[in-house]
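Participant: Go ahead and model the full structure; you've got the sequences and the hints to work with.
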Amino acid sequence: MKVAIITFPGSNCDYDLYKCVQLIGGNPEFLWHRDSSLGKVDAVMLPGGFSYGDYLRAGAIAAMSPIMAAVKKFADHGGPVLGICNGFQVLCEANLLPGALLPNTSLLFASKEVTLSVENNSTIFTDLYESDRSLRMPIAHAEGNYYADEETLEQLEEDGRVMFRYLGPQGKPTNESNPNGSANHIAGIINTKGNVMGMMPHPERAVETILGSVDGLDLFKSLLNHISASKKV
Amino acid sequence: MSSPQSRPGDPQITPELVSEHGLSPSEYQKILGILEREPSYTELGVFSAMWSEHCGYKNSKRMLKLLPTKAPWVIQGPGENAGVIDIGDDLALVFKIESHNHPSAVEPYQGAATGVGGILRDIFTMGARPIAVLDSLRFGDLNSGRVRYLFSGVVQGVGDYGNCVGIPNIGGEVYFDKGYEGNPIVNAMCLGLMKKDSLIKGEAEGVGNLLVAVGTATGRDGIHGATFASEELNEDSQSSRPQVQVGDPFTEKLLLEASLELIHSGYITGIQDMGAAGITSSAAEMGGRSGNGVEINIDWVPVREPNMTPYEILLSESQERMLVVVKTGHLKQVQAILNKWELEADEIGCVTDDGLFRVTEENKTVAAIPCLALTEGCPTYEREGKESPEIKNLRSKDLSHLKIKSSGYENIFLDLLGSANISSKRWLYNQYDTTVRTNTVVAPGEADAGVIRLRESNKAIAATTDCNGRYVYLNPRMGAKAAVAEAARNLVCVGALPMAVTNNLNFGNPLKSEIYYQFREAVLGMSEACKLFETPVTGGNVSFYNETSSTPIYPTPVIGMVGIIDDIKHLTRPFFQESGDEILLLGNNTDELGGSEYLYVSEDLVAGEPPIVDLLAERQLQHSVLSMISKGLLQSAHDLSEGGLACALAESAFGNETNPFGVDVVLQDRLEPIPLFFGEAQGRIIVSCKKHSSNQVLQTAKNHGVPCRLIGEVVPASSGFRIAGRTVSVELDIETMSDRFFNAIPDLMNQKNDP
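Taken in order, these protein sequences are the chains called S and B.
Going by the working numbering, the letters in the first sequence line up with residues 1 to 233, in that order.
Going by the working numbering, the letters in the second sequence line up with residues 234 to 988, in that order.
Errors might be hidden in some of the hints.
Stated by the list, open to error - Each computed SDA-like pair below joins lysine to any residue, with the alpha-carbon atoms no more than 20 Å apart:
hint	chain 1	residue 1	chain 2	residue 2
1	B	LYS745	B	SER621
2	B	LYS573	S	ILE61
3	B	LYS802	S	SER213
4	B	LYS573	S	SER37
5	B	LYS985	S	SER106
6	S	LYS19	B	ARG688
7	B	LYS802	S	THR209
8	B	LYS658	S	LEU107
9	S	LYS112	B	SER385
10	B	LYS658	S	GLU176
None of these hints come from the bench; they were simulated from the model.
Facilitator: Structure follows, in structure tokens:
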């Protein structure tokens, strides 16, 4: 699996994603925001960080960078695209995903481990997860409050395109356990075609026992399996 | 020596002007002697900055020479941008701590943010990639609205900057005490990692090489910041807000990547942050270290405001700038690397052979001073030190009647758990990215020290910052020893061997004899402890003049200590692991109560003799615990500090909120319950182990000559918390305790701001 990891000026989780893709046996490659072509890759990942210093709005300037035209084209052709944290913000700003990420309701940066439900385990990013599995992984963001209009939210729910939700200690979403005020406790969503996913939590930081959780591994492995399988066909 | 010409509009040099520049008449005489003429206005500004306390260490240098700085593993000691130690496997660890107290007192967010920015640059200009940040903070009482404003601003500033650059915060400490009411302390420590052979220094090597300014253009911000930091704060200090620089972590991230790429490119011979005193100090220091001279063409320095004078350009502290020495003929390649990172690089001068710090404007010399006169030539002083009689009285206060209480132990215990100093600091570190870079093994609040694994080997790096300012206030020498001992103990409790120290000496005005006394005594205590623990001091920072309206802060010599865990599998945490495990206490309980959190919380009192540190016993204790850990005997290890045995047991029991336990502990000591439960006797660690290992634990302690005894057992959380002395037993349920411990700071911060 050849994975393009896009580095924007200000990205700071690019290296973590690189190591994570290597760990599952993938072949990562850094691409620079000024590049205009992706080359021959099987998937694209947009890392976390503060692209362009979060100036204007988080992800807004990155969405206009030269490489994003190529990423859109890749996504239009069904190529898998994963955006994590700032990457999710970029995908929303680039209209590859609906909605927006507002400042956390606390107005403070939120860094902690959260528990997530897997809401849809029949996508290329999640099919190794069992449906009742809850995942532990870190969040670290100031603008992770997912917002969309009522209609969009209803559509997302109806289509099963909410991928992850923040859970409380009893395994249910609660207002106390919602770390940023996200609508419907949403932590991640996918596009209608099922090839572009964005999420605020960091699965790439939960891939080794020594880091406290391995719950992010199956996400990357799901994608790897999907790509290996599609190559065999 | 070639005489610089006076510029039109330069003020006359008068005794008043000299004094406004923070220079004494005798220092001015020294300048006349060096130059053999009157300085120009520009030169006076340069001397003022370089001979300020902040840059020149004039009141501290002589004492600092008493600190141990050498060991076989020390690659770089004091004098460079940061200290460097050899950690094996061809790797070197770079680390340093720095203060930003004055800026944070007037503009908490930017003051703290730029403090983090500065310390990161000190690390990556050595060629190392920053891998972790720690912060050591002190504030007044959180019941004051102003203090809450300062606290939340500083925390957001520290957080936002590190989060944006993508460096995990792995620990530190914060204390709240009226002693820091108007003058908070903001110290930031950074650790970096590099291959040993990538080390680069801040030296202007190679005559004819180019001086290149990298990063943001120079503005009028922060002019005379170094001089500002060398004065006491007063009511007018708010008007100094324009002297506080504004940080841009986004540019910093680009500078970081670009600098590391430059260093590895081989096109440059030296690099240094333009920190305090900006272009002046970076150029003069780089010239001074190499024995060469530097020439700066002021017209070539990119500026962001029109009509800036040489004086302003030389003394600006605009952030996110670096000075790079580029090998002749390689400017284009260097610019290409920087342009890739959206940064500018401009030639502003060259390395010369005359040893002079020379500045020209339109081909006219406006300053010409020997580099060494600015750096090594800064006058140094040893001041008179005399203990303040008031503090002496406080220390001698008889506390014996305060040790006896007939009842109310439960409430005292809960009040201590809910004190801002002991309670969970989650409110703060939940604003710091602690897991970026995916190497953080122990994040803040998870153990006595932060731990970063090394991908290159089985080793891990542990780091901590420590200092109880109350102890130092009451007895500077003992308090400083306690700070070093606690730092080492914290490292040992995670299984790390303490290796080296960086220190941040925060004190009041050194010209006052009672302050100089504190400073001298603290350095002596630190020196003795660092020698015994074999943890040399590789650098650090001195911050004097921490006073508001003449009230000094508690003397606070913060110790930043780094250690190595030889094999990550030995990593040990402070939390109990299983019901049925046995709890053992190493070290002796005493009836000491001086300087304790108990006295502060229950009696509103800072008095008495702080706990005595027996350095030899401390060392034995630490060796014994490391030996237990390497034998795999321990389930947990936790250092005893503020709040004593009872609070340490509580932290081990439910500090890990996801897996809480209860404890059942019985103590046979013939001591009053107050000092027994809440006294802060030094040299103690509580450990837990499986039942079948306790004999080995006892034997290991015995072999090291360390007192050790079984005091109780880990029980399920539902069984509650019981600590019993000979006469008194305190029983509480875990939920009540945990609620106080975790919600104290959020509750304090949620108070409505008072006017």
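Participant: For a quick check of understanding: which of the numbered hints are violated here, in increasing order?
Facilitator: none
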